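Asks: The whole structure should be built from the sequences, with the hints applied where relevant.
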Amino acid sequence: MDVAAAPRPRTAKRWHPLVITISILRLGGIGINTRFWVSIGLLGAIVVFGLLGPTLLGKRDPLRIVGGLYDPPSSQVWLGTDNFGRDVFTQLMYGTRTSLTIGLIAGAVATLIGVAVGTLAGFRGGTIEEALMGITNVVITIPSIVILILLSIAIASRSIVVMGVIIGITSWPWTARAVRAQTASLRAREHLDLARLSGAGTVSLILVDIIPYMLSYIFMAFVLQFASGILQEAALSLLGLGPTNTISLGIMLHWSLLWEAVRTGAWWAFFPPTVFLTIIAFALLLLQSSLDELFNPRLRRK
Amino acid sequence: MTPFQRYLVTKTAWYLLAFVLAVAANFYLPRLIPGNPVDALVARMAAGGGAEGEALRRIYQLYISEFGLDRPLWEQFLVYLGNLARGDLGTSFSVFPAKVSDLIWRALPWTIALQLPAILLGWLIGNALGALAAYRGGWFDRGAFVTSLFVSSIPYYCLAIMLLYGLAVALPLFPAGGGYSYGRLPTFTWSFVLDALRHYWLPFLSLVLIFIGGQAVGMRSMAIYELNADYVNYARGLGIPDRRIVTYIFRNAMLPQVTGLALSIGSLVGGALITEIVFGYPGIGTLLFSAIRQNDYPLIQGVTLLIVIGILLANYLVDIAYGFIDPRIRAVQAGER
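So the protein lines, in turn, are chains A and B.
Numbered by our numbering, the letters in the first sequence go through residues 1253 to 1554 in order.
Numbered by our numbering, the letters in the second sequence go through residues 27 to 363 in order.
If you're looking for bench data, these hints aren't it; they were derived computationally from the structure.
The structure presented is a predicted model; accordingly, all values stated were derived computationally and were not measured.
Don't take every hint at face value.
[Stated by the list, open to error] So, partial list: chain A residues that the calculated Cβ filter (under 8 Å) puts toward chain B: (1) I1401; (2) A1408; (3) A1487; (4) L1529.
Beta carbons are placed, not taken as given, at the ideal position from N, Cα and C, and that holds for glycine.
Replies: Below is the structure:
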């Protein structure tokens, strides 16, 4: 993920008209920032829609039946109804909220475990490192979708929090691995010796002298985990193993596939959640790649 | 023992551990279901009025002995391992007398036929595109990079749904799902193969586009990294023609891409479960979907086990191959563990 590159050799630049137009459009080196702002804009719109939508447009029960099977959009139901006659627009708002919440919990849990394991292993070294990394490598090779499927069928009633946590506990190893490598490279820094001499313990050293130095890195890992958490939830829900008694973007897709919304042409039932998932995934990837370049100037390509 | 042998042994041991843990999870987690799966099944069968009295009792006995539910947990695990060793994955709940392994064998060829060509073609095109984008730079790079990034970020099932709607419903160019026309039976005749091919293109397209995007993004960043490396600078200084340098870059950037290919092939079984569900394609994904809906635990366990075996095997082979190919990794690993 983190590609440390040597400066690119300067080659003679040819000033093609197209190149000039593009560089004017980019306003000098703002190429990164456009990507950053586009992703922030997309994500912001979706978060506002999911979090504030229900409050602004009046709370409605997304599971309430308001119409018939696949009623087309009208002034009453803005995005039509689904297979049970429920309002798709309301479902979209609450579903977005559920998916974002699950992604957030999964990302937080995965990042927390990953950072704890990674810093401890990288900082302590020796047997602890070998043991922790051994566990990490074992967990990494066992495909998470398998554990997710098995856990989901074992837990009959899955709340939003439970879904977030089980996704989180199956996806931490990548973060742990990356954080360990970062910690190992920080371990030899001088300010750590200074802190050690003043008697700081392991926990304090990790919290005060290691984690702040790779906060940007941890944040990027979190963004990735957040995105993959949302997609994992959608995949599980599509398989019929999503959170129970609620609605999420994946569950909306699950029902529209089971009730043949795609083949009967009821686009309002499946198109909105599909587009939302695509936008969320794309925006988070864009954000991650722009942050990558922002924090690591050597990746910028002029 | 030479360091290389030690590397082989430790790798093998770690993978065996991972395998045992995965099998244990596969065995234990479905047993956490309140009550036990057999009670749930028999209650459902009785409620559905399918089987009664004596027949029900015999079905119950069969599952109890197959699961070994009348014995302690560790003994059940040994029974499970013994059955696995004989290739016996148990009897399906939902398609009652059918063996799980038979159901899986029937679905697996469809999944492989769908995914393997998609992975290979996507890999070839994606890598060529990525390398070209990195080398050419400029507007071509920007265009190809942003497009690839977008395509690869689309969740594969979302692309599948959009393609199905766009090219089979709104604009009916392709049949709207299934692996073959309704009412046909899978046979090895020309007319059947042609019919299956017609149903093949859309799911294939949905997979290949995503693979191209993902590979292109990966190859581009690898190639840019290599383009910046000292040896390229040095080679340029020596006046070696660009074409030669490109071959050096390509070979160095290829290594991780080859690994990626091997891992994609290993994860092929579980890699696109939902594509098959979207298109109603008769592969492992559709099998798993109906198993989950009908609480067919033996069938679910069979599929998850198959996914695990594929991925662990691919990872293991890649690790071993790396040990052969890349002396640095061999040395580091042998020194570390």
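Asks: Decide, hint by hint, whether the structure agrees.
Replies: Hint by hint, here is what the structure shows:
no., hint, in the structure
1, I1401, "holds (6 Å)"
2, A1408, "holds (6 Å)"
3, A1487, "holds (6 Å)"
4, L1529, "holds (5 Å)"
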